[in-house]
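> Residues per chain are reported as follows:
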Amino acid sequence: MGLLKLFWSLNWGARFGLLIVIFFSTCAIFAPWLAPYGQSQIVGDVWEPLFGKFVFGTDQIGRDMLSMLIYGARNMIALALLTTGCAFGLGALLGFLAATMRGWVDQVLSRFVDMIISIPTLIFALIVLSATGTAIPWLITVIAIIYAMPVFRIARAVAMDIEVMDYVEAARLRGEGLWWIMREEILPNAMTPLAAEFGLRFCFVFLLISGLSFLGLGLQPPLADWGAMVRGNADGIAWGYMHPLVPAACIALLTIGINLVVDTAVQKASGLRDDQ
Amino acid sequence: MLLKRLALGILTLVAISLLITLGVEALSGDVCTAMMGQMASAEKVAACHLQLNLNVPMHERYLSWLWNFMQGDMGNALTNHRSVSSLIGNRIGNTFFLAGLAALIAVPLALTLGVIAALYRNSFFDRAISIVTLSGISVPDFFIAYILMAVFAVWLGILPAISNLDQSMDLWDRIYISALPVLTLTVAVSAHMMRMTRAAIVNLLASPYIEMAKLKGISPSRIIIKHALPNALSPIIQVVMLNLAWLVVGVVIVEVVFVYPGLGALMIDAVFLRDMPIVQATAMVFASVYVILNLLADILSMLSNPRLRHRN
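Chains as they are written, first to last, in the working numbering: chain A, 292 to 567; chain B, 5 to 316.
Calculated from the structure, these hints are not laboratory results.
Note that the structure is predicted; figures quoted are calculated from it, not measured.
Among the hints, erroneous ones may be present.
Unchecked claim - Straight-line distance between alpha carbons at most 20 Å, and here's what the computed SDA-like set of lysine to any residue pairs gives:
id: 1; chain 1: B; residue 1: Lys8; chain 2: B; residue 2: Gln242
id: 2; chain 1: A; residue 1: Lys559; chain 2: A; residue 2: Leu294
id: 3; chain 1: B; residue 1: Lys218; chain 2: B; residue 2: Pro310
id: 4; chain 1: A; residue 1: Lys344; chain 2: A; residue 2: Gly527
id: 5; chain 1: B; residue 1: Lys8; chain 2: A; residue 2: Asp405
id: 6; chain 1: B; residue 1: Lys230; chain 2: B; residue 2: Ser211
id: 7; chain 1: B; residue 1: Lys8; chain 2: A; residue 2: Gly527
id: 8; chain 1: A; residue 1: Lys296; chain 2: A; residue 2: Phe307
id: 9; chain 1: B; residue 1: Lys8; chain 2: A; residue 2: Lys559
id: 10; chain 1: A; residue 1: Lys559; chain 2: B; residue 2: Asn126
id: 11; chain 1: A; residue 1: Lys559; chain 2: A; residue 2: Ala305
id: 12; chain 1: B; residue 1: Lys8; chain 2: A; residue 2: Asp397
id: 13; chain 1: B; residue 1: Lys8; chain 2: A; residue 2: Leu301
id: 14; chain 1: B; residue 1: Lys8; chain 2: A; residue 2: Met533
id: 15; chain 1: B; residue 1: Lys8; chain 2: A; residue 2: Asn302
id: 16; chain 1: A; residue 1: Lys559; chain 2: A; residue 2: Val312
id: 17; chain 1: B; residue 1: Lys230; chain 2: B; residue 2: Val253
id: 18; chain 1: A; residue 1: Lys559; chain 2: B; residue 2: Pro310
id: 19; chain 1: A; residue 1: Lys296; chain 2: A; residue 2: Ala319
id: 20; chain 1: B; residue 1: Lys218; chain 2: B; residue 2: Gln242
id: 21; chain 1: B; residue 1: Lys230; chain 2: B; residue 2: Pro265
id: 22; chain 1: B; residue 1: Lys8; chain 2: A; residue 2: Met482
id: 23; chain 1: A; residue 1: Lys559; chain 2: A; residue 2: Leu400
id: 24; chain 1: A; residue 1: Lys559; chain 2: B; residue 2: Leu123
id: 25; chain 1: B; residue 1: Lys230; chain 2: B; residue 2: Pro212
id: 26; chain 1: A; residue 1: Lys296; chain 2: A; residue 2: Ala556
id: 27; chain 1: A; residue 1: Lys559; chain 2: A; residue 2: Asn302
id: 28; chain 1: A; residue 1: Lys559; chain 2: B; residue 2: Ala203
id: 29; chain 1: B; residue 1: Lys8; chain 2: B; residue 2: Ala203
id: 30; chain 1: A; residue 1: Lys559; chain 2: A; residue 2: Arg402
id: 31; chain 1: B; residue 1: Lys230; chain 2: B; residue 2: Glu215
id: 32; chain 1: A; residue 1: Lys344; chain 2: A; residue 2: Leu325
id: 33; chain 1: B; residue 1: Lys8; chain 2: B; residue 2: Ser292
id: 34; chain 1: A; residue 1: Lys344; chain 2: A; residue 2: Lys559
id: 35; chain 1: B; residue 1: Lys8; chain 2: A; residue 2: Gln398
id: 36; chain 1: B; residue 1: Lys8; chain 2: B; residue 2: Pro212
id: 37; chain 1: B; residue 1: Lys8; chain 2: A; residue 2: Arg402
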């Protein structure tokens, strides 16, 4: 009941966004039970029409688009969540370290981050992936490093404010170690602002992964992914098949949904409104 | 301030060049064994090392790469042994043509709409703009590209779906054939720019001196022209420059979609062939343009703001 009440108290944008997020999460979690076919199973002719025998038709080699979309949701969301998680772990750790140790550690880390952040993300990813190949661990590492940089800045700024509090001073005088201060004093207090960032960064990561997989550098078959589905079906457009628009629309819908939720959450959390 | 920013810019470029030469080398393992396969004989691999100059120490190789790069010699492509400089030279104009045309449309459009949205905030117009821009920044570029392609090339059939530009075309033909990629970039970059412009102006209008002017009873148009506009210059320069920087990188995916013969498409092809000299050179060009535009944004906004200009 409480949850339902909260839902109705939101504006229509956030409600819409929340429904989208719940919808795609359900697809991701229950993919094997929801999908009528396997993600690489060939079930029909090439480019069977949309809304015919197969709900979203079949793709350029005759796989069921609906099943690929459902499995794609699972693969993409899992990959993006894992990557964003790694980015936050790394970024927060380094950010807290810079804030608590100050001095040269802070200087070195901050200048390094300034430098990496001024390389365009897609170009950075392309350089590294062209050298390492597109194995999933590399994909996660590269994108996590890229997005750990902005997280570092936020974590450092937040931790700087916390670090000057009396209770941190007290812990220091008590003789607590660096790791203990970071884990027990700074982390719990930095949790809320970092959590607010998570949604937004997840969107960026998701879009970068989609872009890379569109270029053919993301997940490799037999794993289904939305970016690669767009690229694979792209030739169909010239023949009037609208198949590539379906996975592209899914990417758009999910990121718009998350953005709507994040917008409202941030507004509610900070109590700030646009018109003030 | 200015010198510090300039130094950071140059340092960034050096760091990028280090990453794309030594970093790539460390990550990719031995190029020669990768190219010839595990079965290649030791002599062949050694000959390949010699040919690619892999026997000299790392720092010497980096310095000579940098020296040659600055003189415009970017080495030869691994796959077809053509000079990378000429490959890039043929295409760099196309990419700037594409980005320039998109900027020419997007900048005035986005600034005007963004300012109007900020002035009449919470009006119907503002809400419509904010929905459109939120969608615009959330959707991948290739989605916009394929929708435009489906509408204008397939459904209406008035614009070409593939932008096979060539050198012999006149300006009008060039514009016609690159209409869809330009339109895609315009839509994508305008969304970002409108949102940032609106935020900057809203922020400005919330400042105390504007409040003061209102309380003094100055007319709204006078507030905008005399009080807001001179101070809006710096944020607007920032917005425009940041988006131009974004635009130059944004071309990569759009070029791939429309098979447009630009730097981005060249880079992606090279990434697949693992033709590292091309990847390195194109990455360096993209990153340099991006860094330089960001640097310009900071410097111009410092110059336009007396307070920043005179700080120590």
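> Indicate, hint by hint, whether the structure satisfies it.
Here is how each hint holds up against the structure:
no.	hint	verdict
1	B:Lys8 - B:Gln242	holds (18 Å)
2	A:Lys559 - A:Leu294	holds (16 Å)
3	B:Lys218 - B:Pro310	violated (24 Å)
4	A:Lys344 - A:Gly527	holds (19 Å)
5	B:Lys8 - A:Asp405	holds (13 Å)
6	B:Lys230 - B:Ser211	holds (14 Å)
7	B:Lys8 - A:Gly527	violated (52 Å)
8	A:Lys296 - A:Phe307	holds (15 Å)
9	B:Lys8 - A:Lys559	violated (39 Å)
10	A:Lys559 - B:Asn126	holds (18 Å)
11	A:Lys559 - A:Ala305	holds (11 Å)
12	B:Lys8 - A:Asp397	holds (18 Å)
13	B:Lys8 - A:Leu301	violated (47 Å)
14	B:Lys8 - A:Met533	violated (52 Å)
15	B:Lys8 - A:Asn302	violated (46 Å)
16	A:Lys559 - A:Val312	holds (19 Å)
17	B:Lys230 - B:Val253	violated (37 Å)
18	A:Lys559 - B:Pro310	violated (37 Å)
19	A:Lys296 - A:Ala319	violated (26 Å)
20	B:Lys218 - B:Gln242	violated (27 Å)
21	B:Lys230 - B:Pro265	violated (47 Å)
22	B:Lys8 - A:Met482	violated (34 Å)
23	A:Lys559 - A:Leu400	violated (33 Å)
24	A:Lys559 - B:Leu123	violated (24 Å)
25	B:Lys230 - B:Pro212	holds (15 Å)
26	A:Lys296 - A:Ala556	holds (16 Å)
27	A:Lys559 - A:Asn302	holds (11 Å)
28	A:Lys559 - B:Ala203	holds (19 Å)
29	B:Lys8 - B:Ala203	violated (28 Å)
30	A:Lys559 - A:Arg402	violated (34 Å)
31	B:Lys230 - B:Glu215	holds (14 Å)
32	A:Lys344 - A:Leu325	holds (17 Å)
33	B:Lys8 - B:Ser292	holds (18 Å)
34	A:Lys344 - A:Lys559	violated (45 Å)
35	B:Lys8 - A:Gln398	holds (15 Å)
36	B:Lys8 - B:Pro212	violated (31 Å)
37	B:Lys8 - A:Arg402	holds (12 Å)
The structure fails hints 3, 7, 9, 13, 14, 15, 17, 18, 19, 20, 21, 22, 23, 24, 29, 30, 34, 36 (numbered hints given earlier, in ascending order).
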